[in-house]
Amino acid sequence: MASRGTVQRPNGQTQGKICQFKLVLLGESAVGKSSLVLRFVKGQFHEYQESTIGAAFLTQTVCLEDMTVKFEIWDTAGQERYHSLAPMYYRGAQAAIVVYDITNQDTFNRAKTWVKELQRQASPNIVIALVGNKADLVSKRSVECQEAQSYAEEHGLLFNETSAKTAVNVNDVFLAIAKKLPKNENRTGPGSSGQGIVVSDSNNKPPSRCCK
Amino acid sequence: MSESGDSTSKFDPLNLDFSEIDDEEYNIPAVEETPTLESILNNDQNSLMSEDELSDYLAAENQGFGTGGCGSDTASISSFGSLKDTPSKTGLFNFTESRHYDHILRHIILKAISSQLKSACERVNAGRPTVMAVSSMIAVGTSHGLVLVFDSAQTLRWCHEGNEEQGSVSALDFNHNCSRLLIGYARGLILMCDVADGKVLRTMNQVHTPATAVLHVKFTDNPNLAVCSDSGGSVFELSFKRTLGIRSVDSRCIFSGSRGEVCCIEPLRLKALTTHPLHGSILVAMATLSKVILVCIRPNTRLLLTHSVSASPANLPLLTWQFVVIQLNDSSHVIDPVLAFARDSTIHFYHINVLASGRIHCTVLEQLNLGYSLLACHWLNARILATVDTQERFHLIDIRSQEELETLDLSCVSLVYNSSHFKGLCTGGNVSKAMALAGERACYNTIKSFGNQVLFLGMRSFHVISTRSWLERLNNLLEQNRYAAALRLGIDFLEERGKGVLGLSGHRKQRKKLIWQKVHEMLTTYINAVLHDNNALMYQENLPVIIEHCIHLQCEDLLFQQVWNGVEHSTVPRNIFLQSIEGFIQDGKIRNVSPAIMQKLVEYLEMTHRWQAMEECIVNVNVSSLDIEQVLQQCRSHQLYDALISVWNQAMNDYTTPLQELLPQLQRMLSSDGERSEEAIRLGNKCLVYISCCLSGRGYPNGDIEESKCATVRSRVFQFLCSQHTINADESEETYPYLRLFLDFNTKEFLNALSMAFQDSYLSVQLLQRLVDILISITLHENSSKSRQVGWLFSWLAKEIMRPNCSLRLDLNLFEQVLEILVSSNDELCTPEEKEQILLQLISTGALKHIPEERILQLAQTAGYHQVCAEIYERQGNHEQVLKCHLLDDSRKPRVFDYLNVAPEKSKLQRAVSENIDTLLEVNGYKTGLFVGTHFVELTSRMVHTMTKQKQFEFLQGVMDAKAALSPPIITLYFQLLCEFEPNSAMKFIIANCDTLLTDIESCVETAQKHNLEMEEAILWEKAGSYKKSFNILFKRLQYAIRSGKDVESATEELISLILRGSSVLDPKDTWLPLLQCLVQVNSPKLMKRVLNSADLNLAAEFHLLLKHTTGSLGDYRSLIMGLFEKCVYEQEVLQIAERSHYLDLHNQLKQSLNGAKRGIPNPVICTVCNKKFQSQMLLFHCTHGYHMDCLKQPFQCVKCDSN
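Line order of the protein sequences matches chains A and B.
Numbering-wise (the working numbering), the first sequence opens with residue 1 and increments by one.
Numbering-wise (the working numbering), the second sequence opens with residue 1 and increments by one.
Check each hint, because a few of them may be wrong.
Claimed, not checked - Part of the chain A face toward chain B, derived, beta carbon under 10 Å:
hint: 1; residue: Gln44
hint: 2; residue: Phe45
hint: 3; residue: Glu47
hint: 4; residue: Trp74
hint: 5; residue: Tyr82
hint: 6; residue: Pro87
hint: 7; residue: Gly92
hint: 8; residue: Asp106
hint: 9; residue: Arg120
hint: 10; residue: Ser123
hint: 11; residue: Tyr151
hint: 12; residue: Ala152
hint: 13; residue: Gly156
hint: 14; residue: Val168
These are calculated hints, taken from the structure and not from any lab test.
Where a beta carbon is used, it is the ideal one built from N, C-alpha and C, also for glycine.
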């Protein structure tokens, strides 16, 4: 969304290198994918988030110790009729966040099928994070943290429970992904889309605030 | 060197790597040289008791013990390999559960030898067998001094009838080429015989401690040197000489029993290992009850190692040697001997190596702890150890994993123990107590190992436990028809996961080849067996296993020829086969399938209507496996788009035809009226994904396009998209039908797909420019322009242009046109909301920078795009207007508070908020209140008055929650509202805000009265200090409660606590009395008691009053009177107790002071005041201070103590 919209919260000091990664959000509708991204990118939360049409595109950068990682985020629509479009977004993605709603067991089951599909169809070294959103609604919990945790371990996924509303763990998820992504500098052919794109200099980036 | 073993504190890990050992390469004891027992046992079964007979034999043997039933169990007992049964469950041979039902151990009885021994015992009075020795011959000694020598065919070769005076035979040993036999006797004689004919070559008297039994006699590598140990615990070396044809012997004591008795000796025998650096040295390991000692006796005598090991005295030490390959760091290896020393339940390992200097060095390796006490311990090979525990159970242990591979019960052997020799019974029992105790379980000479077999001398029989080689184990399973298990085991061997692998030799490669051949052969047999059986259940069970193994072992040829040919012609097995292989194909485990099978599979899936599965199968195999004609037909008739595309791509290397075929279909689906069908969306989405894959070089539906083809594919698909007309276009067709179709189908997603292609910038700028120009021309420049498409297109273009390094050229004036389209209202296809979203995106990308904001604002206002207006106002910093815009926008009203909370400079919003307060309240009264309370609390009172009551309440609720300081009228107002709308919270509110509320107590009370909130009213009065009023209210409540019979208890409780709180103000007569009167009616002793307990009233007077002011009989007061009595009694009791303890106290005090007074006082020497001696009258105090009469003034008091 460019100029004003993108809050580049991580500091923009010229650092060694900038890596660019495609990240896709998947999950049942109304689990809070857009809210999660909005929280991460703009630090905002809307109680009445409109449902996404198709897929929305946003960018955000995070700073690691020695480098800056730029996420190009495709926030896909959760509705079933957009399902068959999802490969378009995840086929070329280096990272995926599969979101479910901790108050709804069905969304967790759906998340599992997403993980399965990703592991079959997406790039073999895609980094997948399983995220249980709406952690603020603990009283209505119906997916046990332990259950999801062990599922994630079994399938080699990152896992966290977040709340877009209270901002709990949201940045951690993206940071964990940034850390886990392979950052080889030599850019391989277009087909083997395991690695991100390294943008060598960061001079044209506007100065921005540090991540909170 | 002597103590080096002891001093080695570092215990090296026990890394005895056997994987590389190769008998030939290292020239390890060549078993083939002489006919060995193993070969006889394995090949020449005729001469032996077969395993089937074993149980019969045992059953007969055991009949004496009343287990006659054993005979009928024959079949199950003899399940060691030749029968197709599950393992035996009888107690005789109780295997522990071993993996795959595969038994490594085989228990055999040497029947001929056994019967020979039996008859010798019965007929020639040979006595019971006592000891034995094994080489390529077997020698057995008896208790009457006989030695029977059998050859490998179990034929008795000769018998030495010794002198009965020498007692029983106590030790036997063959030399390494089996030409000489040493015989030791219980009374001390040692004989050497020629094995060939039994001629006695040497008779050795007095070569060791006189009057002791020979316990061990052993040859060394040197044919002229043997060692022996006796029951006195001494060790002697015997050197044989032959001068001028006369054989003689010299003996030398190398260890005296006086320094600790040696129980066990074991010389290291290098045998044929002539190149080893130890060749020529003779090492003897000796074990006493407390130590293990290793000495070198040739070329010179040296002590190499002593190591103290403490263990229970009832267990004998055990020694056994083995050569193992030790892997060195630099990838070379050496073969070194390792000594295993076992005591009780622990096995210690010592590694002996020769240093470069020629010195022999011992290293203590780690130890192995077993859960049982050991009776015998023998190496079978460098990885496998055979042990017998004191319960006579045989264990097979894998050393590296310390895993127990198998166990076997030996109780049927009735093992011979040599305890009599250790106790020296023949020589008058002249042995130490320790030796006699430990010797209880001696069976050094009755359990011996030979190669990978262990032999046991039983009282009536001779047993062999041999280990099966890998091949035998596999064959064993095959014989039981456990093909799957055999295959699994074989694959374990192949992948070097197998345990206890015996009989494999050669290099790793050779070994692998050998196993592979066997496994392959087994697989073939398995397949044949299954095909031959030809039964559905069998197929169901075994086909998946066969297929799995075929794929695992990469024997697809077997699978596609032998198996397929077998099942092809009958339906049931064929379907089972297809079903099983389907899963493997879907999981991508097999990509090359024979086309015939694939053809049938497609047919089968068609028959069962499993289109999804069919598609996955087609996508997951190589195209060469497919009958393309058939597959394409299936795909077309069942809408398997993925498969269709994939086949075209792979088979024909054609990336545009699928589009050519699918897009018209999509066109047809879209042009039909009404809602878009699911199918249309699915197809459209697939097409989008497909072009996105093609443009970014990815294979569809998975994988990647070959790098060399990427560019071609990309440009072909691109050209296709930009083609002006379809191939068979009629006149009426519009230009660029495909682009139009995609734009129609889903503009945004299509553009996203392009966007990703742009991002990866694989497309040249010229091509992109062309595409953009076409897109603009077909959307904007034509009459039928659709605002949705135009809008999305331009918002997308704006984004692309803003991207760094973008070289697209675009006429900025076009955006003005777009703007007008977006604000025009005559479009039924695109909702105003969507257009607004597009406009917002355009603004945020900055594409409209060149158009003055005022103009956009004006257009947006007329079109009613409040969100757009809000965005623009926000940029301008005009927050009031932003707020208004939010409020005007019906769908986004609830978000106004999100905005308010994040908006900077809240103070600027004050006017706007107060102006729009009504609308805000309408959206959410509470949140409005919260906001106002937090930021402009001073406005509250002014705002409140214009609202309806309900809104006032919600609003004030928010304000209160903002925790702002509020004026009393507002609080009073809120209290009034609270009483009205949420009476339950009123009480809490009063308690929290009573100070403020009291300022206007009248109106508050009035409100409470109005809403019938008695409790609240009472509290208010009480807080105001008017207890009387409060009492009246509560009293009324109680009366009401009594009447209605509900909540009497709680009402009473409240009343009592009120009276207690107000006791200083209230007159008891006006309070307790009415209460009592009231409660008398209820007649509840419990309540009465409660009142009486807390009342601080004069009972007599009150009761009097009570009686006077009420009517009714005395009976009505029964409970009251009873309560009074009870209370009276209780109080009396309390009084008494208090009195008693008071007196007790007094008494104690008096006692103490009297005691104090009686105490003696030492006489002080000097006056405390003047420090002079007493001469005249003195004053003495209890504190032991004394004074001159003159030094103190009246009244006499101790100056020192007083001052303190």
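Hints, one by one, checked against the model:
1. Gln44: Since chain B brings a Cβ to about 7 Å from A:Gln44, closer than 10 Å, the hint holds.
2. Phe45: Holds, about 8 Å.
3. Glu47: Because about 7 Å separates A:Glu47 from the closest Cβ in chain B, which is inside the 10 Å limit, the hint holds.
4. Trp74: Where the cut-off is 10 Å and the nearest Cβ of chain B is about 8 Å from A:Trp74, the hint holds.
5. Tyr82: holds, 8 Å
6. Pro87: Hint on A:Pro87: holds, closest Cβ of chain B at ~5 Å, below 10 Å.
7. Gly92: Where the cut-off is 10 Å and the nearest Cβ of chain B is about 6 Å from A:Gly92, the hint holds.
8. Asp106: violated, 20 Å
9. Arg120: holds, 7 Å
10. Ser123: Nearest chain B Cβ about 9 Å off; hint holds.
11. Tyr151: violated, 20 Å
12. Ala152: For A:Ala152, the interface hint is violated, since the closest Cβ of chain B sits about 22 Å away, which is over 10 Å.
13. Gly156: The hint is violated - A:Gly156 has no Cβ within 10 Å of chain B, the shortest such distance being about 18 Å.
14. Val168: Not OK, violated: A:Val168 not within 10 Å of chain B, min 19 Å.
Hints 8, 11, 12, 13 and 14, counting from the list given before, are not met by this structure.
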